Amino acid sequence: MIWLNVVIQGVLVGGFYALFACGLSLMFGVLKVINLAHGDMAVVAAYVAVFLTPHLHIAEIWSLLVVVPLFALVGYVLQRTLIQKSIDRDPFTTLLVTFGLSVVIENLLLEIYTANAQTVNVGAIGYESWHPGSIFYISYVSLGVLVAAVAVLAILQLFLSHTGTGRLVRAVADDREAAQLSGANYRHIFGIAAAIAFATVALAGIAYGMQTQFAPTSGGVNLLFAFEAVVIGGIGSLWGTLVGGIALGMAQVFGAHFNPEYQRLAGDVLFLLVLAVRPQGLFGKKTSLS
Amino acid sequence: MSEVVLDVRGLSVYHGQLCAVDDVSFVLREGEILAMIGANGAGKSTLLRTIAGLHHPSAGSISFKGVDLATMTPNRRVRLGLSLVPEGRRLFSSMTLEENLQVGAHRANKGPFTIERIYELFDWMPSRRKQSTWQLSGGEQQAVAIGRALVANPKVLLLDELSLGLAPIVIERIYGLVPEIVSQGVSILIVEQDVAQGVAVADRVHCLLEGRTSLVGTPEELTSDQIDRAYFGSDLREVPAHEELSE
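In order, the protein sequence lines correspond to chains S and Z. Sequential numbering from 64 applies to the first sequence in my numbering. Sequential numbering from 4 applies to the second sequence in my numbering.
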C-alpha cells in the first residue's frame, strides 16, 4: 500500500513536471533553441499572477486567464525580436542570449520583489485533499495540475495533428528550408511555437506557485527537472514528456521515501540511467538526435 | 517569342571565399524548358537555390515577370509563382504523403494543380496517402516532392537533380511528366548532372563550368563534342594541339 502511494504521489508530481517541460520540448523541437530562461519565465508568470491580481479584483487562481494570453503574446514578440536575431547568428548565441535573459530576469525580480518567498493564494482548497484510503492523500491542487497537464498535452497534440497551422509547425520542425520552399514563413511559425511554449510555461509557473512557495531564483531547479523530464521521455515526443515527467516524479518520491535527501538524487540517477541505456529517451526517435 | 518569366543577369554567388556562381546570365520564357547542365561543383544547385531565395547573390539581379526578387524571402517567391524541388527530395519526414502535399498547398496560387490532380497524375498515391514518407521508395519520394511543389501552382518550376539516386526506369517515368506540366503553362528550369537526360527533355541547354557559362544553345544545334568540352573544360578525346590553343 505504501508503494501504491509512492506511485500516486509520483504521478501527481510528474504531471507538474510535464506541464513545465512541454514548452521547453516544443521550443527545442521546433526552434532548436534551448531556452535557459524557461524556468525564470515560469517564475515571472507566478509573480505577475500574485502582484497583478489585486489590481484586477479577482481570485488569484483566475489570474491565469490574463497571464497565460499575456505570456503567449510576450513569447511571440520575444521570438520575433531577440531570439530570432540570435538564431540568425548561430546556436551558441541562442544559449548565451537565453542564459543572459535568465540572469537579467532573476536580478530584476530580486530588485523589484525582494528575495521574500511568495505563493499564489488559492484559499482553503490549497490545503485540502481527497482521502480515499487510510494512507492516501491526494491534494486537490496537485490533481488539478495533473489534469491540466494532460489537457494541455492533448490540446497541443490535436493542434499539431489536425490543424493547418499545426501541420506547418511540424513541417518547420522537420525541415525549415523545405517548409520555406512550400511557402511557409518560418519566422512567423517560430513565433507561434514560442507563443504556445510561453503560454504553457505561464500556466506551469502559476501551478507551481499554487503548490509551493517561490522566490526569484526558483526557476533554475525547475528548469533542471524539466530538462530531465524531456530527456527521459524523448525529445520531440509530447506524450513522452508526460511519461518522462511521471517517471522522474516517481523516482523522486521513491528516493524521498527512504530519505528526503535522496529525492533529487534518485531523479538524477534515473536521468543518467536513461541517457546511458537509451539516449534517445523512452519515446524519442533515434533520428531526432542527429 | 513568348514572354520572359525569369530573367537572371550577371549573377555571382559566393560560399565564403569560394565563388560558386560567376557572372551567369540567362532568361527563361513562358512554357520553355531550360536545362542547366554541368559537372559536380559547377554551381548548378547554388544557382537554383539562389533563384529560390535560399542564398544571397553578391552581384547581379534576378527578376520574375519584371519584379526584382532581391529582398524577397523564399516563401514570398513561392507565392509569386516560383517553386523549387530541392535536391535530395527533402520531404517532411514525420508526416504522411498527404500531409506533405497539404503543406505544399497551404498558400497555393490559383491554378490547375490541386491535390486531387496530383493524385490523378500519380495513380499509386491515393491508396498510400496515409503512409509516412519514409515508407516510400526513392522514386515515389521524388514524385511527392514534385507534387508538393506543383500544388502551389508555380509559373516557374525549378527542378534540382531529379535523377539523383534513382533507377533509369524511374527517372524515365518522372521525366515523362514534364510535357504534362509544361502544357499547363509552367516553365521549367532543370538542373541535371545526367547530360543525356537534360538534353533530351530541354528546349535549350545552358552549361556551367566552375561557376561560369561555358556553352549555350538548343539541343539541335549543339554537338556532343561541344557539350563534352563545355562540361569537362577540355575534350577528353584526342584533341589536335591547335584546337586546344584556340580554346
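Hints listed in this document are in silico derivations from the structure and should not be mistaken for laboratory results. Worth double-checking, as some hints may not be accurate.
Only some residues are given here: those of chain Z computed to face chain S with a beta carbon under 8 Å [said to hold, decoys possible]:
1) 17
2) 66
3) 86
4) 93
5) 96
6) 98
7) 99
8) 107
9) 110
10) 142
11) 155
12) 185
13) 187
14) 217
These numbers come from a predicted model, not from an experiment. Quick reminder that beta carbons are idealized off the backbone N, C-alpha and C, glycines included.
Please flag the earlier hints that this structure goes against, numbers listed from lowest up.
-> 1, 2, 7, 10, 12, 13, 14
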